[in-house]
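*Asks:* The hints should help you fit chain W onto chain Z, whose structure is shown.
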Amino acid sequence: MGVRVHQSDEDKLHCTVRLAAGNLVEVVQDTAADLNATVTQAAKDRTVTGSVTVTQATAANLNATVQQKSPIDVEQANSDLLIATVVQSTASHLKATVAPSGDMARKAPYDRNATNITNSLIIDANYGAHGSTTRMTYTVPTNKILLLTYYFSQIVTAIATAGKEAICYSQIKPSGGSGRTVVSNGHYSMVIPRLTLSSPTPSYLFEGDQLLMRTYSNDTIGHLFSATHTAIVFDE
Amino acid sequence: MKRIKVKLVGKGTEDDPFTVNLPTWTMDGEADYQKKHCYVFINSDETEDIKGKTKINQQRIRTKYKKNWSKFKASDVEINE
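Chains as they are written, first to last, in my numbering: chain Z, 2 to 237; chain W, 623 to 703.
Only chain Z is shown next, with the shape it has when bound in the complex (with noise of 0.2 Å):
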């Protein structure tokens, strides 16, 4: 014996089925309404064979509460949203598999193979004027995505010369674009001790783009440039 609730018109479809043990249930909407279907199947031992099917074709919701001891399909053929609840109230085992389709929550970054990335470079106060010289880049590896999540850069001059700067920066280079500076940390005729610090948002580079670390000093008076890139990198 079997029952099968077809509607085909365009109103709501609201069914609640129970059958004996052993029975098939069918439940069907294939317009665009909403479907909300309950379905119990009232089995009482494991040798249930009957089955049930809940099928929403058309671009509606579909929400299926189902219970029962064998096979369930829930089937959303469409891009909307699918809700489905399975319960198994006896003392069986209960076998759920939820193959999602198209798109779907994604790993947390730090669970799809990530690794810390740390790149440090000090130059020391020896170093006097030079032109705009990189001195340190990290290309992001094909299939990863990098999540910058702490740039540190410090210039720290004992006493430098009037009307001479130093500067170090770090930059953000697009793939294929050219160099986009999000830290720029300079020291512009000081005849004073200084230190000065930068540290920006944190932001999202993805594969072939570049995080560069440069420098650039016209004083003859040596200065201590630092800079410290921190950095997660992981699957895409």
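Be aware that a few hints might be false.
What the hints assert, rightly or not - Derived pair list, reagent style DSS-like, types lysine-lysine, alpha-carbon separation capped at 27 Å: (1) Z/Lys-165 - W/Lys-689; (2) W/Lys-624 - W/Lys-693; (3) Z/Lys-108 - W/Lys-688; (4) W/Lys-629 - Z/Lys-174; (5) Z/Lys-174 - W/Lys-673; (6) Z/Lys-108 - W/Lys-689; (7) W/Lys-629 - W/Lys-693; (8) W/Lys-675 - Z/Lys-174; (9) W/Lys-624 - Z/Lys-108; (10) Z/Lys-165 - W/Lys-658; (11) W/Lys-627 - Z/Lys-108; (12) W/Lys-633 - Z/Lys-108; (13) W/Lys-633 - Z/Lys-165; (14) W/Lys-624 - Z/Lys-174; (15) W/Lys-627 - W/Lys-693; (16) Z/Lys-165 - W/Lys-688; (17) W/Lys-627 - W/Lys-686; (18) Z/Lys-108 - W/Lys-686; (19) W/Lys-677 - W/Lys-629; (20) W/Lys-673 - W/Lys-633; (21) W/Lys-624 - W/Lys-673; (22) W/Lys-689 - W/Lys-629; (23) W/Lys-627 - Z/Lys-165; (24) W/Lys-688 - Z/Lys-174.
Hints are computed from structural coordinates only; laboratory data are not their basis.
The structure presented is a predicted model; accordingly, all values stated were derived computationally and were not measured.
*Replies:* Leaving out everything else, chain W in the frame of chain Z:
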């Protein structure tokens, strides 16, 4: 990390800074701006030992970074002494 000697490129200007044509590296010490070279540290997995010397692993860099680096040539960067 492995330390290798490489070519320094660029003019030292804001638009064309001195740099090294490698994807990931950190300069060790100051560059020789006159002779246009410097020492850098690169990841160990991007190097290979050939006859007791540390060399850039060209193929590893091509596969690890692909984008913009698929035609990378170690011979354009490395200085062999």
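*Asks:* Is the Cα-Cα distance between W/Lys-675 and Z/Lys-174 27 Å or less?
*Replies:* Violated. W/Lys-675 to Z/Lys-174 sits at ~32 Å, over the 27 Å cutoff.
*Asks:* Straight-line Cα separation of Z/Lys-165 and W/Lys-658 no greater than 27 Å?
*Replies:* holds, 25 Å
*Asks:* Checking one constraint from the list: CA of W/Lys-633 to CA of Z/Lys-108, max 27 Å. Satisfied?
*Replies:* violated, 45 Å
*Asks:* Decide if the proposed pair is consistent with the structure: Z/Lys-165 and W/Lys-688, CA atoms, cutoff 27 Å inclusive.
*Replies:* Roughly 41 Å between the alpha carbons, so the hint for Z/Lys-165 and W/Lys-688 is violated.
*Asks:* Please work out if Z/Lys-108 and W/Lys-688 have their alpha carbons no farther apart than 27 Å.
*Replies:* Distance of about 25 Å is within 27 Å: holds.
*Asks:* Against the 27 Å threshold, does the CA-CA distance of W/Lys-624 and W/Lys-693 hold or violate the hint?
*Replies:* Within the cut-off at roughly 22 Å; holds.
*Asks:* With a cut-off of 27 Å on the C-alpha distance, tell me whether W/Lys-627 and W/Lys-693 pass.
*Replies:* holds, 21 Å
*Asks:* Are the Cα atoms of W/Lys-629 and W/Lys-693 separated by 27 Å or less?
*Replies:* The given pair, whose Cα atoms are some 18 Å apart, holds under the 27 Å limit.
*Asks:* Holds or violated: are the alpha carbons of W/Lys-624 and W/Lys-673 at most 27 Å from each other?
*Replies:* The hint holds at about 15 Å.
*Asks:* Hint check: Z/Lys-165 vs W/Lys-689, CA-CA at most 27 Å. Holds or violated?
*Replies:* Status violated; Cα separation ~39 Å.
*Asks:* Between the alpha carbons of Z/Lys-174 and W/Lys-673, is the straight-line distance 27 Å or under?
*Replies:* Not OK: Z/Lys-174 and W/Lys-673 at ~36 Å, beyond 27 Å, violated.
*Asks:* Quick one, are W/Lys-627 and Z/Lys-165 close enough, alpha carbons at most 27 Å?
*Replies:* Violated, because 31 Å separates the two Cα atoms, which is more than 27 Å.
When each numbered hint is compared with the structure, violations occur for hints 1, 5, 8, 9, 11, 12, 16, 20, 23.
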